[in-house]
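Sequences listed follow chains A and B, in order.
Oh and the first sequence: position 48 is 47 in numbering that gives the first Met the number 0, straight run, nothing missing.
Oh and the second sequence: position 69 is 68 in numbering that gives the first Met the number 0, straight run, nothing missing.
Treat the hints with care, since some could be wrong.
Claimed, not checked - Across the chosen pairs, the derived CB separations fall in these ranges:
1) 68(B) / 71(A): 53 to 63 Å
2) 67(B) / 81(A): 28 to 38 Å
3) 68(B) / 27(A): 51 to 61 Å
4) 122(B) / 34(A): 28 to 38 Å
5) 70(A) / 70(B): 40 to 50 Å
6) 74(A) / 6(B): 49 to 59 Å
7) 38(A) / 123(B): 50 to 60 Å
8) 31(B) / 109(A): 26 to 36 Å
9) 37(A) / 72(B): 41 to 51 Å
Source of the hints: derived by calculation from the structure; they are not laboratory data.
From the three backbone atoms N, C-alpha and C, an ideal C-beta is built for every residue, glycine too.
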Amino acid sequence: MKIDKRAADGVSILDLAGKLYIGVGDLKLRETVRDLLATGENRVLLNMAAVSSIDSSGVGELVSAYTTVSNQGGQLKLVNLPPKLHEVLLITRLAGIFEIYDDEAEAVDSFS
Amino acid sequence: MNRLRLPSTLASVEVAEEWAWRIADASGLDDDGRYRLGLAVREAAANAVLHGNRSDPGKIVDLRWSEAGDRLRVEVGDDGEGFAPSAAVEQPGHRAPVDLSPSGRGVAIIRHLVDEFTVTRRRTPPGTVVVLAMARGTAAPQGKGLR
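Turn these sequences into a full structure, and let the hints steer you where they fit.
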């Protein structure tokens, strides 16, 4: 898993690419979100467009990221969720937990 | 290829998924079936490694596959408790409160991906066998494919 960071209008955007799987992608996401929060960046948008697959550990890490950011007074949202990932979030009944956007500009605006 | 024995390490989870892809290719599954079988086997193997064998590399995750008519059957065996009993016996359609804990979703994912999913405790030698079955060469079951 590769994670690139950029910013737009005070929102930290993480571009995730690859597989969000146990033992690799999940740990990298955890570290990246932790680093953001350490620098006070708690408005986080995960761009999932290039995530090719997710397993239950990856789903668990998304939930952990969401609760960690929320518990620090921030917000974590998702954009460009591929159909396979959306399906897994539906199966695990988590699709309703996350704010999910199809358009990045709209997602960024939603933080303000 | 009909049988694969792996140590209980996270690397074996990757190997198990790749093994499932080769089975899918050999069985003529379409791309969606290949994805579903691979992810289901991945989840079952991860549970066998982490929960069944508690990441003891000396314990084996035993994978087997067979075909019977239009059915593709994969077994994932471990030397321990396998899935948490409460998760394994959860019935389809059961509506528990939304769970924000970081783990415990593998069973729900497997149940959705394959046509049949059973968990059997084995006495000799002690362990758990998870059986996944799905139709091959057919379209994804209603509500189970990608849209």
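So, going through the hints one by one against the coordinates:
Range check, residue 68(B) to residue 71(A): about 55 Å between beta-carbon atoms, so the 53 to 63 Å window is met. At roughly 34 Å, the beta carbons of residue 67(B) and residue 81(A) sit within the given window of 28 to 38 Å. Distance hint for residue 68(B) and residue 27(A): a CB-CB separation of about 43 Å, inconsistent with the stated range 51 to 61 Å. Remark: the range hint 28 to 38 Å for residue 122(B) to residue 34(A) is contradicted by a beta-carbon distance near 49 Å.
The hinted window of 40 to 50 Å between residue 70(A) and residue 70(B) holds, with their beta carbons roughly 46 Å apart. Separation of residue 74(A) from residue 6(B) is about 42 Å and departs from the stated range, judged on CB atoms against 49 to 59 Å. Between residue 38(A) and residue 123(B) the beta carbon distance is about 56 Å. The supplied range of 50 to 60 Å therefore holds. Under the hint 26 to 36 Å, the C-beta atoms of residue 31(B) and residue 109(A), about 32 Å apart, fit the expected range.
At about 49 Å, the CB distance of residue 37(A) to residue 72(B) agrees with the hint of 41 to 51 Å.
Violation of the numbered hints given earlier is confined to hints 3, 4 and 6; the remaining hints are satisfied by the structure.
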